[in-house]
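Asker: Protein chains in written order, with my numbering: chain A, 52 to 165; chain B, 32 to 145.
Treat the hints as calculated values from the structure; they're not laboratory data.
Source: prediction; values computed, not measured.
Just so it is clear, CB atoms sit at the ideal spot from N, CA and C, and this is done for glycine as well.
Hints may be right or wrong, so weigh each one.
[To be verified] Just the calculated beta-carbon pair ranges, DEER-fashion:
hint, chain 1, residue 1, chain 2, residue 2, range
1, A, Glu115, B, Thr51, 39 to 45 Å
2, A, Pro165, B, Lys85, 46 to 52 Å
3, A, Thr102, B, Lys85, 21 to 27 Å
4, A, Gln53, B, Lys82, 23 to 29 Å
Residues per chain, in single letters:
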Amino acid sequence: AQSVTQLGSHVSVSEGALVLLRCNYSSSVPPYLFWYVQYPNQGLQLLLKYTTGATLVKGINGFEAEFKKSETSFHLTKPSAHMSDAAEYFCAVRRAGNNRKLIWGLGTSLAVNP
Amino acid sequence: EAGVTQFPSHSVIEKGQTVTLRCDPISGHDNLYWYRRVMGKEIKFLLHFVKESKQDESGMPNNRFLAERTGGTYSTLKVQPAELEDSGVYFCASSQEQNTGELFFGEGSRLTVL
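Looking at chain B on its own, in the form it has when it is part of the complex (with noise of 0.2 Å):
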């Protein structure tokens, strides 16, 4: 069974610029959330959809950060405009619909704003 698959692995972008991030959760996965790691500082929690819909976006920095699952399959994170300060590790995680259920998550997409 596939994992959870983030693309692109690594994106360098200038400042100004739009970037796409995608996410496949494993198949079957109705939780589907997004994570950042800024450099030095801890992951953090960006929002949690749950299929189609979110179920908690109380940590996305601002309206730049744009996220969707149409259909409840795969995720995009769009961030636009990218800013410095954007740069970080996203990671991507699936769990299945239980109290306890383990998070899985993806090996992360690194954004590079320069």
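Excised from the complex, chain A in its bound form (with noise of 0.2 Å):
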């Protein structure tokens, strides 16, 4: 069975320091590996990604990943952080293949001070 664990359910950091939201899947095939935010009043909005191919993807507003397969892991990054990126993010992992079922974690709640 499929699981992700996103470590925090709150963090916060200050405007222009480094964002690190954590994500842990488990998985027994390859997985696809997403990360999603809920900005406030918002539906859920697609960051970014990983299917195949480059372990590093970039997403939209600065963000990006790395898949670990080794440590099972598809952390997201931002150098700096912005005010605007207060919201919520959840990290999802699903079968490679026609079955789109997204299994999700807890999801993080980011808060930027100024």
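Need the complex rebuilt from these two chains, each delivered in its own frame; the hints are there to steer you.
Answerer: So this is what it looks like as structure tokens:
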């Protein structure tokens, strides 16, 4: 069975500081990995995804994530936080193939302090 | 192009009543998904439509939940009778028929059962 663990339900950083949101997964088969973001009063929006190929994936708004198979991790980073990055971030995994069912982490709420 | 729209954005009902949530996917998207997030828990898959057919309904909690997608366009999710534990945010998402296609989410319908 697949599962996703996001370490830290709440993360607070200062504006301009590094953002690091952790995600570890378990999967018996090569997974597809995703990070979604939910800004206040909006729907879930795809930040980035890993399917195959390059393990360092760049997404929107300056975010990137690296798939590390040996560590079963897919941590999300951004070099310099902006106030507009305050949101809830979700890591998700699914099996490769036509089964699109996503397995989600609990989410991490990111606060950015001025 | 319009995104995924959900209605109502918030519904408050009493235990035992019926509620119907509606989702209009992005035009041309054959795949439609329902997910639910109960407070404090992870987002969970409910079901997946391909056009008007239920591809996977393994996440439906029980027979009080009925999802339909007549004509392969919009979808409804009916809860009858509603129970307290049904409270949460119900997300709808749609995608094109591609293996790694992105899921586009609506803003969610928040259901509160009193």
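Asker: With reference to the structure, classify each hint as holding or not holding.
Answerer: Hints, verified against the model:
| no. | hint | in the structure |
| --- | --- | --- |
| 1 | A:Glu115 - B:Thr51: 39 to 45 Å | holds, 41 Å |
| 2 | A:Pro165 - B:Lys85: 46 to 52 Å | holds, 48 Å |
| 3 | A:Thr102 - B:Lys85: 21 to 27 Å | holds, 26 Å |
| 4 | A:Gln53 - B:Lys82: 23 to 29 Å | holds, 26 Å |
The structure is consistent with each of the numbered hints, conforming to all of them.
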